[in-house]
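Number of protein chains: 2
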Amino acid sequence: MKKNYLLTPGPTPLPAEVCEALARPIIHHRTPQFQAILKEAHEGLKYVYQTTSNVFILASSGTGAMETAVINFLSPGDTVITVEGGKFGERWTEICLAYGINCEVLKVEWGKAVDPKDIEKQLKSNPKIKAVFTTLCETSTGVVVDMQAIGAAVKDTSAILVVDAISGLGAIDLKTDAWNCDVVVSGSQKGLMLPPGLGFISVSPKAWKLSETSKCPKYYFSLKAAQKAYESTDTPWTPAIGLIIALNDAIKLMKQDGLENIFKRHNKMADATRAAMKALGLELFSPTAASDVVTAAKVPAGLDGEKLVKTMRDIHGVTIAGGQSEMKGKLIRIAHMGYIGEFDIILGISCLEKVLAQMGYKFQMGAGVKAAEEVFLK
Amino acid sequence: MKKNYLLTPGPTPLPAEVCEALARPIIHHRTPQFQAILKEAHEGLKYVYQTTSNVFILASSGTGAMETAVINFLSPGDTVITVEGGKFGERWTEICLAYGINCEVLKVEWGKAVDPKDIEKQLKSNPKIKAVFTTLCETSTGVVVDMQAIGAAVKDTSAILVVDAISGLGAIDLKTDAWNCDVVVSGSQKGLMLPPGLGFISVSPKAWKLSETSKCPKYYFSLKAAQKAYESTDTPWTPAIGLIIALNDAIKLMKQDGLENIFKRHNKMADATRAAMKALGLELFSPTAASDVVTAAKVPAGLDGEKLVKTMRDIHGVTIAGGQSEMKGKLIRIAHMGYIGEFDIILGISCLEKVLAQMGYKFQMGAGVKAAEEVFLK
Numbered sequence: 020m021k022k023n024y025l026l027t028p029g030p031t032p033l034p035a036e037v038c039e040a041l042a043r044p045i046i047h048h049r050t051p052q053f054q055a056i057l058k059e060a061h062e063g064l065k066y067v068y069q070t071t072s073n074v075f076i077l078a079s080s081g082t083g084a085m086e087t088a089v090i091n092f093l094s095p096g097d098t099v100i101t102v103e104g105g106k107f108g109e110r111w112t113e114i115c116l117a118y119g120i121n122c123e124v125l126k127v128e129w130g131k132a133v134d135p136k137d138i139e140k141q142l143k144s145n146p147k148i149k150a151v152f153t154t155l156c157e158t159s160t161g162v163v164v165d166m167q168a169i170g171a172a173v174k175d176t177s178a179i180l181v182v183d184a185i186s187g188l189g190a191i192d193l194k195t196d197a198w199n200c201d202v203v204v205s206g207s208q209k210g211l212m213l214p215p216g217l218g219f220i221s222v223s224p225k226a227w228k229l230s231e232t233s234k235c236p237k238y239y240f241s242l243k244a245a246q247k248a249y250e251s252t253d254t255p256w257t258p259a260i261g262l263i264i265a266l267n268d269a270i271k272l273m274k275q276d277g278l279e280n281i282f283k284r285h286n287k288m289a290d291a292t293r294a295a296m297k298a299l300g301l302e303l304f305s306p307t308a309a310s311d312v313v314t315a316a317k318v319p320a321g322l323d324g325e326k327l328v329k330t331m332r333d334i335h336g337v338t339i340a341g342g343q344s345e346m347k348g349k350l351i352r353i354a355h356m357g358y359i360g361e362f363d364i365i366l367g368i369s370c371l372e373k374v375l376a377q378m379g380y381k382f383q384m385g386a387g388v389k390a391a392e393e394v395f396l397k
Numbered sequence: 020m021k022k023n024y025l026l027t028p029g030p031t032p033l034p035a036e037v038c039e040a041l042a043r044p045i046i047h048h049r050t051p052q053f054q055a056i057l058k059e060a061h062e063g064l065k066y067v068y069q070t071t072s073n074v075f076i077l078a079s080s081g082t083g084a085m086e087t088a089v090i091n092f093l094s095p096g097d098t099v100i101t102v103e104g105g106k107f108g109e110r111w112t113e114i115c116l117a118y119g120i121n122c123e124v125l126k127v128e129w130g131k132a133v134d135p136k137d138i139e140k141q142l143k144s145n146p147k148i149k150a151v152f153t154t155l156c157e158t159s160t161g162v163v164v165d166m167q168a169i170g171a172a173v174k175d176t177s178a179i180l181v182v183d184a185i186s187g188l189g190a191i192d193l194k195t196d197a198w199n200c201d202v203v204v205s206g207s208q209k210g211l212m213l214p215p216g217l218g219f220i221s222v223s224p225k226a227w228k229l230s231e232t233s234k235c236p237k238y239y240f241s242l243k244a245a246q247k248a249y250e251s252t253d254t255p256w257t258p259a260i261g262l263i264i265a266l267n268d269a270i271k272l273m274k275q276d277g278l279e280n281i282f283k284r285h286n287k288m289a290d291a292t293r294a295a296m297k298a299l300g301l302e303l304f305s306p307t308a309a310s311d312v313v314t315a316a317k318v319p320a321g322l323d324g325e326k327l328v329k330t331m332r333d334i335h336g337v338t339i340a341g342g343q344s345e346m347k348g349k350l351i352r353i354a355h356m357g358y359i360g361e362f363d364i365i366l367g368i369s370c371l372e373k374v375l376a377q378m379g380y381k382f383q384m385g386a387g388v389k390a391a392e393e394v395f396l397k
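Keeping their order, the protein sequence lines are chains A and B. In case it helps, my numbering puts the first sequence at residues 20 to 397. In case it helps, my numbering puts the second sequence at residues 20 to 397.
Keep in mind that a hint or two might mislead.
Same chains, same names: a pair is fine if it fits in one copy or spans any two.
Stated by the list, open to error - Below are the DSS-like pairs computed for lysine-lysine, each with C-alpha atoms no more than 25 Å apart in a straight line:
| hint | residue 1 | residue 2 |
| --- | --- | --- |
| 1 | K243 | K381 |
| 2 | K271 | K126 |
| 3 | K194 | K317 |
| 4 | K228 | K149 |
| 5 | K381 | K247 |
| 6 | K329 | K247 |
| 7 | K22 | K174 |
| 8 | K22 | K58 |
| 9 | K149 | K274 |
| 10 | K283 | K389 |
| 11 | K58 | K234 |
Just so you know, the hints here were simulated from the structure itself, not pulled from any lab data.
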């Protein structure tokens, strides 16, 4: 009887309401019954996105939504800026290159946030740049960027701003319209508290205009087809019906809390986690730009980071994430995103303390939990 | 308290075991726990596909799997045969054209099955043809084709045979390997008794060889990336975890019955449905090539077909399908696919009789149900 606790940056735990919705009998998608559900989902996503633009629902994971954001606006031979500060920033470059799009890569050291001024400079140096591809929260490093400032830098150029908000949407503030984010992609398995399988994408008027010149080939991910279907509250292909039904239940929960309170809760959980890491003597990977959705901390010197994560998961049932790519074995990443409460954070830190102690790391037992409790008490 | 009954050719009803699996707490995909599930799913799909080749699981609907089958094997400027006998055959042409691939369209009258000899002839007349795109069961017409004979016609040419088995797989016989089907695509919401959201694709050695020359751009649907991940029991992008977990439960049910028994059950339900249509004086849309997964019958002259379907659904809770595209309003389509039993067929026919009678159609009340019962009694 091992009880499992999920503290990973996607998938995130499912509320009981979502589990229940997923278990309902399926209904056909081309019926007034489902149309009413889809209409509610479309409206609900506008609320979460803080936009008046249409948000399209794709049957895909987040990477499919990222590809959608490349191939509907660009043509082979176009030049774009991709900001690479981690694994998911690199994915933008990979997708663009797969379609023959030239990338001016803005490399940012892992653990640091891009300086919006660097984007501004690069845009000025090459007026032919058609798009700037960014990542709201780099799941691989825990870094959050100043998207409002980036939006201000891109706004008056001819380029569109494309945001990977897969990690972050519905957990931290992202004002799609007010911050001039032209295309925002997301996924279901993070802040939206659903299983993976849905991708989302919003499109601003400026982005629609650019889409008219796009020559990349597309079919399944065609936003033109999606827009045509949207107008009659439909999807061009069979939608992931069950997940869309559950999406409405998830958004209902989010509306009950309100976005402001959700963002505050995430901020407090992040503060508590960061305080716990410091109290345990674990260095934050990104002291200057730590996000409120996932905290990355360095594994103490001499300790086997992969073993730490495995022991927490396989012996104690507490699943956190380790480092990815170049940080494999060197990081722990504790998510505080979606359907997570303060006592989930406490149990995660407690389990971390137990395994750190068993692995021979020297620290004051209970110091991490105490530090987190003090933040939550405030 | 209106009870709902689903008799549509996708989505099909969910077994209780599948509903229960969908409601389980989510787990992380990069864990030994999920790897064991994914391994079981990979093996289970080989059983359903009757193949020793790898079957890849995509987070997409069936159309995404169709696009995968085009862009991983072909290059712009290539020439292929597309067999068009309905809406889904036409989709092959649309996808190919979107990627600059030339289509020699083999038009087949709606309601008729393609003659494998016509494919053979066309292949002989143009040895440059690289692929033949076919549809096992045309959901829009209810027609099934002789895929074994088509496989024999394509086998010794340099072209690969690509089969859309979205409707049909796991419901009627399709021997992927023995019938020389190089690429078979399917989806979760039909014979596999799951919600929509998963696409499947098998790849033969002949198809892998062709893939090496493919120049269509791709990223999310790259089979090279899928194969690389498959080797370590992984997926290149976040998989639709919940649906894959439920897939194993669905395949477990299928294995308990065994494919042979499943095919027999579908055949009997189809026979009963066809007998009922005849007894009610409704002409089968495809008397010569009616499939065992969905029965299409013509709406009697003078009756409003759309109203018939709507009344069954909105007043009585029995959802069947109407005609699509050029057959809109002119057909009814009753599915007998997946988690459907003989008494589901009886209730569907009974509801059809009730609404036909209310709409003033003249027939012997009970004649359809009686004819179906007689088939089931045999």
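We went through each hint and held it up to the structure:
In this homomeric assembly, K243 and K381 never come within 25 Å of each other (Cα to Cα): the closest approach is 59 Å inside a single copy and 46 Å across copies. Taking CA atoms no more than 25 Å apart as the test, K271 paired with K126 passes in neither setting, with 39 Å inside one copy and 48 Å between copies. Taking the shortest Cα distances, K194 and K317 never come within 25 Å of each other, neither inside one copy (31 Å) nor across copies (52 Å). Taking the shortest Cα distances, K228 and K149 sit within 25 Å of each other inside one copy (12 Å), while across copies they are farther apart (37 Å).
Taking the shortest alpha-carbon separations for K381 and K247, neither the intra-copy value of 61 Å nor the inter-copy value of 41 Å comes in at or below 25 Å. Taking the closest pair of Cα atoms, K329 and K247 come within 25 Å of each other only across two copies (24 Å); inside a single copy the shortest separation is 47 Å, beyond that limit. When the C-alpha separation of K22 and K174 is checked against a cutoff of 25 Å, the pair qualifies neither within a copy, at 49 Å, nor between copies, at 53 Å. Taking the shortest Cα distances, K22 and K58 sit within 25 Å of each other only across copies (23 Å), while inside one copy they are farther apart (38 Å).
In this homomeric assembly, K149 and K274 never come within 25 Å of each other (Cα to Cα): the closest approach is 36 Å inside a single copy and 53 Å across copies. In the homo-oligomer, the alpha carbons of K283 and K389 lie at most 25 Å apart inside one protomer (21 Å), although the nearest pairing across protomers, at 65 Å, exceeds that limit. In the homo-oligomer, the alpha carbons of K58 and K234 never lie at most 25 Å apart, since the shortest distance is 30 Å inside one protomer and 39 Å across protomers.
Hints 1, 2, 3, 5, 7, 9 and 11 from the earlier list are contradicted by this structure; the remaining hints agree with it.
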